[in-house]
Each structure stands twice: as structure tokens, then as C-alpha cells.
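Visitor: In order, the protein sequence lines correspond to chains U and C.
Throughout the first sequence, residue numbering follows the numbering used here, covering 1 to 588 in sequence.
Throughout the second sequence, residue numbering follows the numbering used here, covering 1 to 588 in sequence.
One or more hints might be untrue.
If chains are identical, the list can't say which one is meant, so a pair holds when it fits in one copy or spans any two.
[Said to hold, decoys possible] Derived lysine-lysine pairs resembling DSS-like cross-links, with alpha carbons at most 30 Å apart:
1) Lys16 to Lys418
2) Lys156 to Lys267
3) Lys267 to Lys434
4) Lys215 to Lys124
5) Lys364 to Lys284
6) Lys26 to Lys499
7) Lys514 to Lys3
8) Lys156 to Lys71
9) Lys185 to Lys215
10) Lys27 to Lys450
11) Lys185 to Lys364
12) Lys416 to Lys254
13) Lys324 to Lys450
14) Lys440 to Lys258
15) Lys156 to Lys215
16) Lys255 to Lys156
17) Lys156 to Lys254
18) Lys71 to Lys486
19) Lys3 to Lys486
20) Lys124 to Lys490
21) Lys490 to Lys394
22) Lys486 to Lys514
23) Lys486 to Lys335
24) Lys156 to Lys85
25) Lys258 to Lys144
26) Lys284 to Lys51
27) Lys85 to Lys16
28) Lys71 to Lys284
29) Lys26 to Lys341
30) Lys215 to Lys144
These aren't lab readings, by the way, just hints derived from the structure by calculation.
2 protein chains.
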Amino acid sequence: MKKYNNGSFRAKDIGKQVTLYGWVNKKRNMGGMIFVDLRDKSGLIQLVFNKDTLKTDFNEAEKLHSEYCIKVKGIILARSDINSKIPTGEIEVIVSELEILSECELLPFNIYEENETNEHTTLKYRYLELRRERLANIIRTRAKIMTSIREYLNNKEFCEIETPILCKSTPEGARDYIVPSRIQKGSFYALPQSPQIFKQLLMLGGFERYYQIAKCFRDEDLRADRQPEFTQIDIEMSFVEEIDVRNMAEELIKKLMKDIKNIDIPKIPVITYKDAIENYGSDKPDTRFDMMLLDFTEILKNSEMILFKNIIENNGIIKGIIVKNSGYSRNDIDKLTEYTKVYGAKGLAWLKYNDNTFSGSIAKNLESNIAENIKSTYSLSDGDIILLVADETKTVHTSLGALRLKIAENLNIIDKNKFNFLWVVDFPMFEYSKTDKRWKSTHHPFTKPKNIEDIKDPENCLSDAYDMVLNGYEIGGGSIRIHDSKVQEKVFEALNISKEESRLRFGFFVDAFKYGAPPHGGLAFGLDRLVMLLCNTDNIKDVIAFPKTQSASDLMSEAPSEVSTIQLDELGIAIKGGENFWVNSTKN
Amino acid sequence: MKKYNNGSFRAKDIGKQVTLYGWVNKKRNMGGMIFVDLRDKSGLIQLVFNKDTLKTDFNEAEKLHSEYCIKVKGIILARSDINSKIPTGEIEVIVSELEILSECELLPFNIYEENETNEHTTLKYRYLELRRERLANIIRTRAKIMTSIREYLNNKEFCEIETPILCKSTPEGARDYIVPSRIQKGSFYALPQSPQIFKQLLMLGGFERYYQIAKCFRDEDLRADRQPEFTQIDIEMSFVEEIDVRNMAEELIKKLMKDIKNIDIPKIPVITYKDAIENYGSDKPDTRFDMMLLDFTEILKNSEMILFKNIIENNGIIKGIIVKNSGYSRNDIDKLTEYTKVYGAKGLAWLKYNDNTFSGSIAKNLESNIAENIKSTYSLSDGDIILLVADETKTVHTSLGALRLKIAENLNIIDKNKFNFLWVVDFPMFEYSKTDKRWKSTHHPFTKPKNIEDIKDPENCLSDAYDMVLNGYEIGGGSIRIHDSKVQEKVFEALNISKEESRLRFGFFVDAFKYGAPPHGGLAFGLDRLVMLLCNTDNIKDVIAFPKTQSASDLMSEAPSEVSTIQLDELGIAIKGGENFWVNSTKN
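Use the sequences and the hints to build the structure in full.
Guide: Rendered as C-alpha cells:
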């Protein structure tokens, strides 16, 4: 058995006889001497094959090539030319015996150049890509993150419980992956979008504290940071209020940041959903930089400019951000204008401050008293640019929120070493769906309203829901759940769900609350996102050992793939338009 | 937030003011005094509601019923009538304030009577069944087992890596659950039967040590101890030989038994597959009792009895077991005969020893010299019964192996407190399939043969495969894998798999071994089975929070279920004979 981590040897080991295993990372042939960097999971060590001292056939050493897997015996000696780039750089192994364990054909891509990223090739040979240090380190860090989290939760008496993968399909939410049942033909299981129902039932079952690092599935069109299967750190507690769940989650994150990054994070600030939207134009603000949204409605309400007059008359608002030290040209601002249009804004009004005067798109028409008012309200510096959006409230917030992030990225003002956590609380209970012309749950219909009386005013009704945000990404979220059947009924009413419909859709789950349901709540962290942020990558494929492409394919194993007619027949299903579809259908 | 575990209070806590939460386990109304056993995850504590000292409405206390969920404030006092049956029996809580958190309707079954086991009802209300102490304890022990195993593996530098659930369907092995792809219509994912391929690829990827507590799936007709989804502790290591993997697994089990049962298990004995079959008639012997299979072929080969003569002439064998202290009647033996017939034996020949003479089915025709030989070979005691099966080798072993277990159970000679572990090694590389008239892999075609030369003699070729057995159950198994493409080719040849076929069936996986594959091997433990054995239950449903029935249904959530036509349309599939099948098919 392999006893040593190659990367762990130091000068103190000089003189040791060792048997090492690993892969040839690099080979230099200097005639009678061959140098090999031997790699294993722990790092590199230099091997020296000397024609005079190697007891086995020197030709074998000459045969060595990149990624050959070998076993060597030798002695650790001091190195004359110290390599300070690697931890084992003070030593080398003079090899006495070499055994080639297996050879390596021509590699399909250069695994030593991290920049080589023909994704089709690297994913097809994922097992080779995983030999890259950066990727392997991320996968290892992912394991450490799981261990750290489990340690915390086990210590706090949370019980790890596995919930089913073969579940019931629910019509709400994202699209389910479904699995045909062979025994009950015509019926299907669904893969869980989350263990939500089960974790609440475990509270009803009296477990009080549950967690699971759970696989979840959504058959949605994939974006760059989405995978069809993802992992959730799923947590639920009984006999708690919102603050208890948040305190628990915060402690967990504190321990995690200490364990993984050796960072002591301060108490996580709390912001309401309303403040987050108004100040950052986002319910997941990146607080690593300021450039907050400023309300210019009051200042501009008396302007005669048609643009502003119209908006204000139609209950719209005018907000803006002040960009400092940008050096933006008119052309740059035009590009930003196009960018905000993607988010529904009709355009950007802008002012540039220099030598106590404004230039810019609205400078000419801006009334001088209003200009003075702006100057005195915001102590402007030369070069400051004010970017304004006037529109209905939601559009103003969304577009300025996006613009704020875009500019920060563009001007490179974000400190990448910062980890800014944030709680967003007091989420609205309902949101109005223009498509369906009715109020829908912001989270899910089992989320507890802050005050049951407010339910009559759905627009202003808040819920006991909360998100944890890190550097502008939602990394976790949860809520206190309704445990009182009467409150649940009222929420269904507010959602315009009849008793019959609620029975049909949520049947057994609603029934369960009749049998002494404890107050409970919880949250879930997205593990993949968390690993991404802690490992400083924006590619979700980096944090998953065997990821899928945006068309949900595994290029390595070539899944999904065709299955046999026999398999389909056994399941009582057929492919529409497929070869065996017609044949079978005529049999009926 | 709930601060206390109700079951943790003792006499030392007398005088404490506490706020407790939990469920009413039992209530006794004594007029002005009401006693309630309050239950939480930790146990019971007695509450006293006294009309004189309760500050809240006493009527509320009178309303209390089984499984009401409540919150109380009160003081811990000494109890006059000590209840030695429960750990908190010396104390009680005099309640000053009561809040009913939620009421409980009439329970659908008596959750306090463990014997009530109308499975349909208890599974439908699984969340109520989970309130039973026995079941909850098993689920909690399962979590402890997972924690103990992870601790061991993390300490030994195994890296926990998640492998995909949406995989490629493989034609070999058990039946796959398949998942239709929406993006690639007509194609399907398969749920993994095990992470075998992925864990080997992780070794090729250089991780050296991998583990995962992995969900696996098999769409097979379910037996009592099978579930469609099950959990496997999946382990793989590079640069190891068989003994290294076994030593690791043995250490892991030693730690587990210490952590969970506080038992120090001795070095696990090793038996070859051949010896296991010959001595116990099983490749997973229960060694908690002897009653081993004895070979009577030599002794009986000169008998003139037609039965034996025929068998011996046809290369069959005669084996038997000696049953002691059974008190079996002729009728009992007839029943055992019927039992062995299920396993293919044509019958049981038997001898009963008493006062130095034999009675029984073959006593009359047994030649006296042979009878004397039997007596002198096996030092028999009065009442001993010899049960013999004469048949072809396999039938003799199978039927006597089953008979041995049946009798042990029947005579209750197994010490239920024993945990007898056993390694079974040297499994045959191939087994002959009479159906397919060809040699097949006993494990899988990637298992390493002990000696590649032996491959020419498939009947006698052994593999580097091993099983761990506990009390007659296989709890784990694994092998050293082939890492040399040339050896793999030879194995495919022996299995009559052509190059084209191996490419088609194992394609990318075989390719992967061209790029410096390390020698590797591993094993997997069946977690569900392990929990069953450690928790002393023979019902697999006891070890799974939300299990399925033998028809693979979840009676609680009613999965599988019908899905909408829209869902099926999006996936491009139809149900054969289903309503929308014809309609859609005519469209093509």
C-alpha cells in the first residue's frame, strides 16, 4: 500500500528509504540522468534516475512519459539546486528501483495548462481534467466544507436523515424530472426539487432538529450557474422563531469561514427586503462596495423637464447612482444606457460634475435651482457622474441595481478578498403575478406571515422568510412555516385556493398538521454556490466532479442516451414519433 | 427557542424554573390535579397542573389530549412517588403557565402500542409512526453510524465526492430506473445502481482515496429486505492490494462497533469462498453456531443403496449435518424434508442415533460396517440426528446451507447478542450461466483475476474479490479492479465479449485506462443492512425514514402518481394504451 504523501517530504526526511507512487508530471532527460516530477494527491517531488545507481533497467526510465503511473524505491537526499516554488524543493529521491504501473497514451489535451479550456474535450475526458491541481483542490475543499457543516450540526443535536429521491410529482414550482413506474404503469415518480415536504414532516414526526446534504433536481433550461442536479444543505428545527434559525445558521457560517478560510467574520448585518431593494436595487445586495441608489424624486419633482414630469405624474420615481473616479466618456455612458435598457429602463439621464458645473444629457435643461440643490445635497467631487433612471418603481430599482453591479465590475472596485455576508429579512408574503392576474406566494404557501391580520392587505403583508446573501449571491434561504391549520386556511384563501383545490394539491401534507404540529422553521444553503464563492470560481462546473453541460448532457459517459425497446415496453411508455411508437400504438 | 431536552432532567435540577416544549404522551385527570407525561426527542418528564398553582386557565389543561403540542413554564420539584421506569422519574414539573401550540385530532392508530402494525395505516401516517421511540431511535442510530463512518474515512484522508444521480443507462446488471430527457427527446438518463464507474474514474483522476454515502437505485421486484432506493457506503483506494482494502474496512468496522455498540470486535476471520460453500453451504456463513456440513461421500461410497450409488456414479456427493438436542419427531423431519426440496434437493435421508443404534429413513438398508464407520468417525450422542442430502454438488450445498439456518432458527440456538464478522475471499472469477450457455463475471467484468494465467481455466480462476459477512448477511463487498488494458482485453475474451462489443458497452470507461491508470480497488457497505443488523430489526422499513412498500409505493405521499399530459408532451413520451397515446400518435 502507498504509505506516503509525496508532497509531504521535507529536509528532515533526508536519508529515508521510501517507496513512492504517482504520476509523471514532467520529465527531463539529461543523458545519463533523468529527472521526473512525481505527482500524487499531495503534490510533487523530484525523482532522479541515474544510470549508475538505478538497479532496474534504465531503458524503462527513458520510456517514461507524461502521466505514466509508476512506483519507485529510492532514498531521499538533499538537492543541490533548491526549487523554492514547491514545498519539497529542498530534496529529491535518488531512485534505485522503478516499476511502470501503467503507461499513458497521447493525452487528448494539455492537462498542465489550466488555460486550455476547450470545454467539450475537457468534459469528455473529465477524469484527466480532474488531475489538474486547481480543480482537484476545489473538489477537496467541497468535501471539507461538508465536513465542517456536518460537525457543527451534529454538535447541535441535528439528526441527519435521508429523504426519498423517488418522490411524488407536484404541479407547483419548477419542472420535475419524472421516472416511469414499471409496477404501476402509467404512474411516475418525480425527483425532488427539495426535501421541503419531508423535512417538515420530520418535524411533525418529533425529530425537532434535522439536516441533510441533499441532492435536488430541476428540469429547467440551464444557465451558466445552474445544473440539473444540485446539492442543498437542508436544515429544519422545531420550537423556534426566525431569530433562532438565523442565529443557528450564522454560527454555522462563522465556523465554516473559520475552518475553510481561517477568517473570523463579524456579526452578519441584517437588512429588510424593502431597504435592500430601495438602497441596492436588489434582494441580494453586494455590500462589498457602496454606490447605493439615491432618491432624486423629491429634488426633481418640480423640474419642468417633460421626462421627469410625466414619470412623477404617473406615480413613478427618479433614482440614481453617483459614480466616482470613472473617467467615463459619453461613449461609455451610451453603452451603460444600452445595458440598463435590458432591464426595462427607457434610458439613462446623466450629469457630469466638473468645476462646479454640470454637463451631460440633461445639463442644458436642468433648472439652476435644482442643480444647486443637487450640488448641496451630495457633496460632489470633480469627475463625479450622476446616472438617473426615471420610471415606475420596480423598473427603476431593477435597472439601477443591475447598473450598480455592472459599473462596479467595470471599474474593478470590488475587493475580491472580502466576504460580505448579509441577512435579508421581512420578505413580502405575496407577489402579484401580472400573467395570472392573482397574488402568489413569494416563497411557498407554507411560509408563515409575520402577522396573520396583514393578510387582508396582500401587497404589504410580510412573511417570516429570510435569505443569507454573500457578496451579492443568495447562498441560503428559509422561513418559519405555518403550523396552525387555521392560519394555513387563511393563506390558501388569500391565494385564492379553494378547500377542494388545496386538498387535491397538498392533500396529505395539510392533513398532517392536524396531529399536534410543532412550530418549526428552517433554511437551506446551496452547497454548489457556497463552494463556488469560497473557492473563487464563477464556473459551477468547477465545483462538481462530474458536471453536465448546458444541454444537461454528460459528455464523458454520453448521458442521456437511447434505451432499448424492451426497457420502454416494460415501463409501458413509448417515445412520441419514435420507431416503436407507432408499432406499439397500433396494438392497442 | 426550546432550550432543554425534557428527558435530561434529574434530581440535581430540583428548584429550576424551566420552559419546556413537547407532546402530551399521557394524561391523567385527578380532579383538581392533572398529570401529563410530556415527550420530546429526548424522553419523558412528568408535568403537574394544579388548579391552585396554575396561573393560566385550568380549562386549557383539562382540554389536553394525547399528542397535543404544548409549551409550559414551571418549576422542577422532587416527586413523592418515584417512577423508576423513566430516567426523570425522581422529579416533576409544577406548571405555572400552559400554552397549547397545536391540538391533535383523533389519531388514526394507537401510536403508543408498538405492536399495532397495520402497515398500510402506519405507512400512510408515517410522520406519526416516527413519533414511536423504537423507530425514532433507529433513525437516530442510523445518523450516528454515518457519522462514525465518515469520521474514520475523513481521518484516513478519504475525500468525500458526490457522483451524479442522472447517469447513463447500462444494459448489464439489474433493471435501471430511467428518466426521460426533455432537451434530448427520445433519450433517457438512468439512476445509478451504484457509483462503480464514477469511483473508478475518480481513481484515474488521481484522488487516490474516495468515499461517498451514496443513494443507489434498482428497479427490481422487491423482497422483504429490499427497497427501490438504498444507500451504500462507497469506498475506493488507489495503490493498494486486496489486504490493504480489507484492513481498512476492518478498522472502519471495528471503530463503528465500538462507537455504536461499545463492543471490541476481534480480528475478523477469513474464509475462502470454497471453504464457505463446503462447510456452510453458503457464501455468507452465519458463524454464530457450528452445525457445519460434513462430507459423507467417502463413507457411503461403498454402500449398495441405490440412492447413494446413483449419485456417486454421476459425480454427485453426499453431505449432511448432525443435529444435536433437537427432539425432532419423524413429522418434524418430514417438514424439514419439504423445506430442503424448495432448494432443489430431492429429499432428506436421515439417521437417528440412540443406544448405539440407528433408526431413521435409511437405517434399515445401511450396511452395518458403514454404520460402524459413521459411529466411530463422528462421536455421536444419544438423540443426535444425521440429515443427509445426496445430489449434485451445488444442490447439496445450497439445500444443506438453507437447512442449517432453518434448524438453527427453529431450535433457537443462535445467540442474538453475538456479532460474528467474517471475510469471504477468493471468489471465483467466472460462473457458468446455464441459461446463456456462457461464462459470466461473478462480480463485474472489471474485477481483477488473482492470476491472469488462470483465465484459461474459467472454472478454477479466482478473483481478487471479497465480501464482509455479519451474522449470515453480506454487509459489504468489493474487489481489486483491473487497471491494465491488456488484462482487461483478456477478461473480455474469456467472457466472449468482442472488441467491438466492449467498445459499444463499456466505451469511454475502457478508454480511460489508457492514460496512466493506477492500481486500485475498493468496496461498498450496504448501509440499510448494516443499520438493520446493528439495530436488531429484520424489517428494512424500520431503518428508512420514508420507506416504500413492496409495490414500490409511498403510501403517505401517494407516489408514484399520474402526471399531466403537458408534462409527458414536453418530454416527448406517451403512456402505452393511455388516453393521450392514440391521439398523439396519430399526429405523427
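Visitor: If a hint holds in the structure, say so; if it doesn't, say that too.
Guide: Okay, the hints, checked on the actual structure:
no.	hint	verdict
1	Lys16 to Lys418	neither (43 Å within a copy, 46 Å between copies)
2	Lys156 to Lys267	within (20 Å within a copy, 35 Å between copies)
3	Lys267 to Lys434	neither (39 Å within a copy, 70 Å between copies)
4	Lys215 to Lys124	both (23 Å within a copy, 24 Å between copies)
5	Lys364 to Lys284	neither (37 Å within a copy, 91 Å between copies)
6	Lys26 to Lys499	neither (70 Å within a copy, 33 Å between copies)
7	Lys514 to Lys3	between (59 Å within a copy, 25 Å between copies)
8	Lys156 to Lys71	between (45 Å within a copy, 21 Å between copies)
9	Lys185 to Lys215	both (26 Å within a copy, 24 Å between copies)
10	Lys27 to Lys450	neither (66 Å within a copy, 33 Å between copies)
11	Lys185 to Lys364	neither (73 Å within a copy, 59 Å between copies)
12	Lys416 to Lys254	within (19 Å within a copy, 46 Å between copies)
13	Lys324 to Lys450	neither (40 Å within a copy, 73 Å between copies)
14	Lys440 to Lys258	neither (39 Å within a copy, 53 Å between copies)
15	Lys156 to Lys215	both (23 Å within a copy, 25 Å between copies)
16	Lys255 to Lys156	both (13 Å within a copy, 23 Å between copies)
17	Lys156 to Lys254	both (14 Å within a copy, 26 Å between copies)
18	Lys71 to Lys486	between (70 Å within a copy, 19 Å between copies)
19	Lys3 to Lys486	between (63 Å within a copy, 27 Å between copies)
20	Lys124 to Lys490	between (53 Å within a copy, 26 Å between copies)
21	Lys490 to Lys394	within (28 Å within a copy, 68 Å between copies)
22	Lys486 to Lys514	within (10 Å within a copy, 65 Å between copies)
23	Lys486 to Lys335	neither (53 Å within a copy, 61 Å between copies)
24	Lys156 to Lys85	between (42 Å within a copy, 28 Å between copies)
25	Lys258 to Lys144	both (12 Å within a copy, 25 Å between copies)
26	Lys284 to Lys51	neither (63 Å within a copy, 53 Å between copies)
27	Lys85 to Lys16	within (23 Å within a copy, 62 Å between copies)
28	Lys71 to Lys284	neither (52 Å within a copy, 36 Å between copies)
29	Lys26 to Lys341	neither (52 Å within a copy, 65 Å between copies)
30	Lys215 to Lys144	both (18 Å within a copy, 20 Å between copies)
The structure fails hints 1, 3, 5, 6, 10, 11, 13, 14, 23, 26, 28, 29 (numbered hints given earlier, in ascending order).
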